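Chemist: Use these hints to put chain B onto chain A, whose structure you have.
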Amino acid sequence: MTAGENAERGTAVTVNMTKGQAINLQKSDGGTLTAVRMGLGWQAAPRRGLFGKRSKEIDLDASAVLFADKQPVDVVFFRHLVSDDGSVRHSGDNLTGGAGQGGDDEAVMVDLQRVPVHIDQIVFTVNSFTGQTFAEVENAFCRLLDETTGQEMARYTLTGGGQYTAQIMAKMGRQGGGWQMTAIGEPASGRTFQDLMPSIVPHL
Amino acid sequence: MTAELVRGQNHALPETRLEIRVSSGKPIVAGATLNDEQGHMREAGWIAHPADPHLPGLEVSRQAAAEHRLAVDLGALPEPVHRVNVLLALPSGVGGPTSFGAVTAPFLAVTDLDGAEIANYTVIGLDRESAVVALELYRRHDVWKVRAVGQGYAGGLADMLSDQGLTEARQLAETINTAVTEGMARAVAPPPAAVRGTRQGATSSASAAAGTTPAGATSAGSTSAGSAHRNSPSGANAPASGAGAAQGDGEVTREGAREGSADVPAGGGSDGGQVNYQHPNRRPTQPSPPPAAPPAPAPATPPASSGGASGAPAPVAGDATGWSMDERLYNQVWGMFEDMARTVAAYRSAVDFADSRREQELDKVLSDPATRVGPVADAAREQARTKHTQLVEQASSVLDRDLSQLLAEAEVVEPALPCPFARWDNPVWQAYEVPMESPMALRLGDLSLPERTDLRIPMLVRLPLERGLWIDSGSSGSGSTPVSSDEVRRRAVEAAVAIAARLVAVYPVDDFTLNVIDPAGSAAPSLVPLLESGALREPPAGGAAGVTQTLERLTQRVDLVQMAVRNRATASLPPDLDTAEQLLVVHDFPHGFDDRSVTQLRYLVDEGPAVGVNVLMVADREEAQGYGPVLDPLWRALLRITAVPDDHLADPWVGHAWTYEPMLAPPGSSVLSQVLQQVAVARQAYGRR
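Residue numbers (the numbering used here), protein chains in the order written: chain A, 1 to 204; chain B, 1001 to 1689.
Bound conformation, chain A alone (with noise of 0.2 Å):
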């Protein structure tokens, strides 16, 4: 049975992702999403001795941008924490990551009722600031939950992922009068999300 069956059975099974995979995510319970969440945990790296200070630190960002009709709008990211409707939040920039364990070291909040309502996609990407491939960084992943219950809709796995030093993970669409969203997983090269406009474009 593949991902994107279990999900439209409406198990509660977390769908874990292979790059370029798209499939179509819906509340477990047929109902639309009114919250999401993007969540962004990777291992910091591992101090050395006396000069710990110079081991090399990994910086993950996580980022959204909001779309018109397939115009980037306004963008959530470390520089920017909240979107000027204050729909969507940026927990806040994390420059070393955390203990790799599965907690979220940044994520991004995502409430659609208060989406203005002519941002009709919100796609979001990871990039690694520092310039780390995901090759290199251990226990990286994001994934997407349901924040009003916590159920995990997706997970992606990063690390082991390639010479790469971004992904494009996902993106919401309006859909009737509720939201829907898209697993892309596609990975990218780029230092902020404006590095990837060219290819998030194909996407919309």
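Simulated from the structure, these hints should not be mistaken for lab results.
All figures in this text were calculated on a predicted structure; none of them were measured in a lab.
Virtual Cβ for every residue (Gly too), placed ideally from N, Cα, C.
Check each hint, because a few of them may be wrong.
[What the hints assert, rightly or not] Below, computed lysine to aspartate or glutamate pairings styled on EDC-like, alpha-carbon distance capped at 16 Å: (1) B/Lys1387 to A/Asp146; (2) A/Lys56 to A/Glu138; (3) B/Lys1387 to A/Asp120; (4) B/Lys1026 to B/Glu1067; (5) A/Lys56 to A/Asp120; (6) B/Lys1387 to B/Asp1352; (7) B/Lys1145 to B/Glu1361; (8) B/Lys1364 to B/Asp1378; (9) A/Lys70 to B/Glu1361.
[Said to hold, decoys possible] Selected chain B positions facing chain A (Cβ under 10 Å, derived; list incomplete): (10) Tyr1347; (11) Ala1498; (12) Gly1628.
Modeler: Relative to chain A, chain B alone:
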């Protein structure tokens, strides 16, 4: 000197009356056993534990807690006692950690009655143990000593007690655990809804029973009570010194608090537990304050159905986090400010987008000569317009929904505001009394956006002021009705007087001193209320000499206080120095100012706020042009407000231009002089002079 003991080390005790403080990350049980010369518990009663906390010369607490204080009077112990063992154990059967390896290493300190530490010991190296003999106090040649023991027992209390020769160890361990579990239940038990009237008393006695350690009791509670009742976040931080009522409030579960807020007049006749008081756009918040919350008069809450937006919960005043009602209201007002800024940002951005899309689409139709005219083009144009209209309508309906909810909230919040935040026409000013405590913030006026001009957000600034104010007497505002420049000047002085009077009124007696510079005497008529009531102790400084003298005095004060603060010698300030917050009202700047006074004024504006001296300028920037760009930093250092409505203030989130409107006493009202009269009476009664 505190002796930091390691395992096995001992230390002589200088006195016999002691206190032993225990702290650990999680709630633990503390007890003590007594041994005779041979190290035996001679009687079964030689143990103090939560179910039986008293022994002659020894007292332990009744329940598990993260912090304990055991009182010990070694001199009062029975004669045969040669050793006191201090025991710690993890409560079992309450869902907490089951071994000391999983909690922070317990820390014990032996102190004298003044709290000075004699010795301390951190019980490290524990792993699977769930009970430990931490310390022993023992008598050797009639001298009492303390030794760090740190002997753990994986088998828990029962093993430890039987190791001390107690025959019914298991039974006693059981008794202790039961007592502890009961103690925990007591600490968090939500009051039955039926006895709502006695809730306050009931919970505060429950928390009193919880003893000296609210932090421990509540964190223990969250483990034992499970998910049914979550403790309010304030519970864990509730200051131990809190009065019974306040403490009770902190201990009430969220469920209970909700019912409790129905008692509050602000809650307004809805049944407890049914109404969700949470603002949908804001973080979950503190429970409403106890009914005794002093500054809040009972606002007439509209019934839930008139809450504006259909289906939206009825807003309540004070629905925000904070330690006091004032702080909650302050945070709520700022929350409303942010919500309004963001809601309007969403609307404007949607409308802008709709406009630009329509333009693009219309352009596209025009750019193609083949389709520029004809039915196809008309249809395309029509479609572009329809799309535009639809999107704008959608955006407007969302805006209306959000704004009416904010409006409903404002209607509830406005009457509940305390004096410093309230409009002059708020009845709270009629019941004004000179406060005993410094205010946290001051309302300078109202802010609004053109989308909904009747929705006015109070503009609150923190006190003491972080920077001075400048009331622009040159701006004729952004309103449609032109106001003559003389009128603007008059209103500017009035606004200044209203702010000055408000500041004097909201500070305790003699904590705020007003100074006025009015070189030409042109503000005299407006200053009458301040002078008559004595709020202004000295007549306004007139002429160039007066200006120089006043500035000199304030500059000197700033210098002295700055020096004293830098050298940490605030105690040696001259006794006649006025340490109250100072406000210098400068009218008609730059009349009467020479270069030297301008420099002094700039010094006051730059350095004053840090040491409690602020400047309120009433000035027309145009008129000060003679000084050239020298004064630009001066203007920039001040917060510019206007005498007539003007849209020049930006919010910190999105940067909308908000229309500021000054706050004046309603025409014909004598509220200002009444309030100042009160201040004068209070000053005479218990002021400095």
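Chemist: Please go over all the hints and tell whether each is borne out by the structure.
Modeler: Hint-by-hint comparison with the structure:
1. B/Lys1387 to A/Asp146: Measuring from Cα to Cα gives roughly 32 Å; hence the hint is violated.
2. A/Lys56 to A/Glu138: At roughly 13 Å apart (the allowed maximum being 16 Å), glutamate 138 of chain A and lysine 56 of chain A satisfy the hint.
3. B/Lys1387 to A/Asp120: This hinted pair holds, its Cα atoms lying about 14 Å apart.
4. B/Lys1026 to B/Glu1067: Within the cut-off at roughly 9 Å; holds.
5. A/Lys56 to A/Asp120: Cα-Cα ~39 Å, so violated.
6. B/Lys1387 to B/Asp1352: Answer holds: lysine 1387 of chain B to aspartate 1352 of chain B is near 13 Å, not above 16 Å.
7. B/Lys1145 to B/Glu1361: 91 Å, violated
8. B/Lys1364 to B/Asp1378: Given that 16 Å is the threshold and the Cα spacing comes to 12 Å, the pair holds.
9. A/Lys70 to B/Glu1361: Since the Cα atoms of lysine 70 of chain A and glutamate 1361 of chain B sit roughly 15 Å apart, the hinted pair holds (cutoff 16 Å).
10. Tyr1347: 7 Å, holds
11. Ala1498: 33 Å, violated
12. Gly1628: Check failed: Cβ of glycine 1628 of chain B comes no nearer than 37 Å to chain A, outside 10 Å.
When held up to the earlier numbered hints, the structure conflicts with 1, 5, 7, 11 and 12 and fits the remainder.
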